[in-house]
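Work the whole structure out from these sequences, hints included.
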Amino acid sequence: MPVLQLQDVTSGYGYGPDILNGVTMTVEAGKAYCIIGPNGAGKSTILKTVAGILRPRKGEILLDDRPIGGMRPDLVLGAGICYVPQDRSLFPEMSVRENLVMGGFLEPDRRVVNDRVEEVFEMFPVLRERANQHAGTMSGGEQQMLALGRALMTKPQMMMIDEPSLGLAPQIADQIFETIRSLSALGITLLLVEQNVLRGLDCTEWAFLLDLGTLRLEAPSDQILDDPSIRELYLGRQVVANPEAEVGEQP
Amino acid sequence: MTHIIQVAILGLLLGGVYALMASGLTLMFGVMRIVNLAHGVFIIAACYLAFFLFVGPGWDPFLSLVVTMPVFFLVGVLVYQAFFPRIEGSARFGEMTVLLTFGLALIVEGLLSFFFTGTFRTTNPSYATEAILIGDLFIPKAQLFAAITSLILLLALWAFLHFSRTGYAVRATMQNRTAAQIVGVNVRRISTIAFGIGMALAGASGSLISFLFPFFPNSHWRWIAILLALIVLGGLGSLKGAVIGALLLAVAAAFVSDLFGPTWSPITFFGALFIVLLIRPQGLFGKQARVG
Numbered sequence: 087m088p089v090l091q092l093q094d095v096t097s098g099y100g101y102g103p104d105i106l107n108g109v110t111m112t113v114e115a116g117k118a119y120c121i122i123g124p125n126g127a128g129k130s131t132i133l134k135t136v137a138g139i140l141r142p143r144k145g146e147i148l149l150d151d152r153p154i155g156g157m158r159p160d161l162v163l164g165a166g167i168c169y170v171p172q173d174r175s176l177f178p179e180m181s182v183r184e185n186l187v188m189g190g191f192l193e194p195d196r197r198v199v200n201d202r203v204e205e206v207f208e209m210f211p212v213l214r215e216r217a218n219q220h221a222g223t224m225s226g227g228e229q230q231m232l233a234l235g236r237a238l239m240t241k242p243q244m245m246m247i248d249e250p251s252l253g254l255a256p257q258i259a260d261q262i263f264e265t266i267r268s269l270s271a272l273g274i275t276l277l278l279v280e281q282n283v284l285r286g287l288d289c290t291e292w293a294f295l296l297d298l299g300t301l302r303l304e305a306p307s308d309q310i311l312d313d314p315s316i317r318e319l320y321l322g323r324q325v326v327a328n329p330e331a332e333v334g335e336q337p
Numbered sequence: 495m496t497h498i499i500q501v502a503i504l505g506l507l508l509g510g511v512y513a514l515m516a517s518g519l520t521l522m523f524g525v526m527r528i529v530n531l532a533h534g535v536f537i538i539a540a541c542y543l544a545f546f547l548f549v550g551p552g553w554d555p556f557l558s559l560v561v562t563m564p565v566f567f568l569v570g571v572l573v574y575q576a577f578f579p580r581i582e583g584s585a586r587f588g589e590m591t592v593l594l595t596f597g598l599a600l601i602v603e604g605l606l607s608f609f610f611t612g613t614f615r616t617t618n619p620s621y622a623t624e625a626i627l628i629g630d631l632f633i634p635k636a637q638l639f640a641a642i643t644s645l646i647l648l649l650a651l652w653a654f655l656h657f658s659r660t661g662y663a664v665r666a667t668m669q670n671r672t673a674a675q676i677v678g679v680n681v682r683r684i685s686t687i688a689f690g691i692g693m694a695l696a697g698a699s700g701s702l703i704s705f706l707f708p709f710f711p712n713s714h715w716r717w718i719a720i721l722l723a724l725i726v727l728g729g730l731g732s733l734k735g736a737v738i739g740a741l742l743l744a745v746a747a748a749f750v751s752d753l754f755g756p757t758w759s760p761i762t763f764f765g766a767l768f769i770v771l772l773i774r775p776q777g778l779f780g781k782q783a784r785v786g
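So the protein sequences, as listed, match chains A and B. First residue of the first sequence? That's 87 in the working numbering, and the numbers climb one at a time after it. First residue of the second sequence? That's 495 in the working numbering, and the numbers climb one at a time after it.
In case anyone wonders, no lab produced these hints; they're calculated from the structure. Do not take every clue at face value.
[What the hints assert, rightly or not] Straight line, CA to CA, 25 Å or less: simulated DMTMM-like cross-link-like pairs of lysine to aspartate or glutamate:
#1 A/K117 <-> A/E205
#2 A/K241 <-> A/D150
#3 B/K734 <-> A/E184
#4 A/K117 <-> A/E208
#5 B/K734 <-> A/E179
#6 A/K241 <-> A/E264
#7 A/K117 <-> A/D297
#8 A/K241 <-> A/E215
#9 A/K144 <-> A/E179
#10 A/K241 <-> A/E304
#11 A/K144 <-> B/E582
#12 A/K241 <-> A/E291
#13 B/K781 <-> A/D150
#14 B/K781 <-> A/E184
#15 B/K781 <-> A/E179
#16 A/K144 <-> A/E304
#17 A/K241 <-> A/E193
#18 B/K781 <-> B/E624
#19 A/K241 <-> A/E205
#20 A/K241 <-> A/D94
#21 B/K781 <-> A/E228
[What the hints assert, rightly or not] Taking CB as the label site, the calculated pair distances span:
#22 B/L645 <-> A/N200: 50 to 56 Å
#23 A/P88 <-> B/H656: 31 to 37 Å
#24 A/T223 <-> B/H656: 42 to 48 Å
#25 B/R527 <-> A/G253: 25 to 31 Å
#26 A/E264 <-> B/A719: 53 to 59 Å
#27 B/I642 <-> A/E146: 57 to 63 Å
#28 B/R527 <-> A/L272: 36 to 42 Å
Since the structure is predicted, the reported quantities are computational estimates derived from the model, not experimental observations. Yeah, the Cβ is synthetic: ideal placement off N, Cα and C, and Gly gets one too.
In structure tokens form, the structure reads like this:
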């Protein structure tokens, strides 16, 4: 059953040019998806447009067949989609616990919020140890865990995660991807943007290949690398030559 | 020695009122990145409201707080809704707020001059000229009461920001606007409320200023200049910075005024601003500007 559908969505920043050019894609409930593609392909733009940070210029975005395109971010979140941006967007001067409590902002019952904070602490014991530390003083990996934990506070049906491994050491990135797999196991639909193509494909079932704002191809994640022409054309020689290469991407 | 303590006390009492004015201004910048050049003119408008409540029904300026604060909260909500959503999302939002609020300041000043003329006004409740003597120390009642009121209002603001749900949302928006959005804060609504609160603080300041300093429509330029110096010194958008900056500078200005005469006291603010910008451009409690 499709959860999220994008129909011919065009989007961009401010008065700038279109970054997405008529993207159509369907996301099924409970599955894990990865969006891959070169720098500037519009990967992050898709997530921001769905999250309501950007307003689509054209096209429709449907969640459970209801249009959500152009809706305020808090309403999109209330509808069940949460977004973890590339920069993690934590509250640097609030403690870890306060960040999590803010994550439960839409839940009016304080007891429910506190129970969920406990659940997140069960999942990420390191966050419990740091409960009273300011988020801005934690390491990159801990910040990413807090960002994921905070997103879980809303009990989302779907999570969109932008570049979770950005700026993390390989072992820490491994931990984060392990966590992302466990989110899938919880039945949460995942839409992942990942610059590190091999890792991104490894923890998802289906991949969308984006280039210059258009969807070029979609296929099961484990098959996409098998086709040598796809490797050559869309993933670049670099990936073939150096599978661990990480390239910074501007949003 | 007594003399030094005396000057410091007078400075601190005045600093409390400066802190009240500055906190509203820095709140607006912190939450919405609005540089509100009209803050001073709304304070003066509130002075007039307190003045007419005083000369008309004979309300004490402290009693007028129950009118000036809600009235200016509402004015703030209306002003915010009328002007700012239109320029939201503009790449030059910061610059546009400067022009917009500068224009607003000119318009409100013009209206005040038209209706109330350019005559100096002041409310003069009985305690305005009275003082308490503690040993050799002379504590003017008006300044003391104004400082206590400011302190109470600042504590109320602090409690609101730290213990209420809306207050959490305001602080979250100040720390990271996008992050606030993605945890479900309606930032437009929070911005409107924060602007209203900033204006309510301007309203309260007006009630207090009305008996501390004579005012006329044009005198807001003097206030906004000082207030901007205060909040830049404290670190734009930092409430703690605004309060500490206000207290420090008010005391410094009191000493400058004592040593060189009152004419030189405004120089203190701009001199301090100049030095801070040279040495620590982000202000005492400001964050380093991030690039990109």
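Each hint tested on the structure:
no. : hint                          : in the structure
1   : A/K117 <-> A/E205             : holds, 23 Å
2   : A/K241 <-> A/D150             : holds, 17 Å
3   : B/K734 <-> A/E184             : holds, 19 Å
4   : A/K117 <-> A/E208             : holds, 24 Å
5   : B/K734 <-> A/E179             : holds, 13 Å
6   : A/K241 <-> A/E264             : holds, 19 Å
7   : A/K117 <-> A/D297             : holds, 23 Å
8   : A/K241 <-> A/E215             : holds, 23 Å
9   : A/K144 <-> A/E179             : violated, 38 Å
10  : A/K241 <-> A/E304             : violated, 28 Å
11  : A/K144 <-> B/E582             : holds, 21 Å
12  : A/K241 <-> A/E291             : holds, 22 Å
13  : B/K781 <-> A/D150             : violated, 42 Å
14  : B/K781 <-> A/E184             : holds, 20 Å
15  : B/K781 <-> A/E179             : holds, 11 Å
16  : A/K144 <-> A/E304             : holds, 22 Å
17  : A/K241 <-> A/E193             : holds, 10 Å
18  : B/K781 <-> B/E624             : violated, 43 Å
19  : A/K241 <-> A/E205             : holds, 11 Å
20  : A/K241 <-> A/D94              : violated, 29 Å
21  : B/K781 <-> A/E228             : holds, 22 Å
22  : B/L645 <-> A/N200: 50 to 56 Å : violated, 33 Å
23  : A/P88 <-> B/H656: 31 to 37 Å  : violated, 43 Å
24  : A/T223 <-> B/H656: 42 to 48 Å : violated, 20 Å
25  : B/R527 <-> A/G253: 25 to 31 Å : holds, 26 Å
26  : A/E264 <-> B/A719: 53 to 59 Å : holds, 57 Å
27  : B/I642 <-> A/E146: 57 to 63 Å : holds, 59 Å
28  : B/R527 <-> A/L272: 36 to 42 Å : holds, 38 Å
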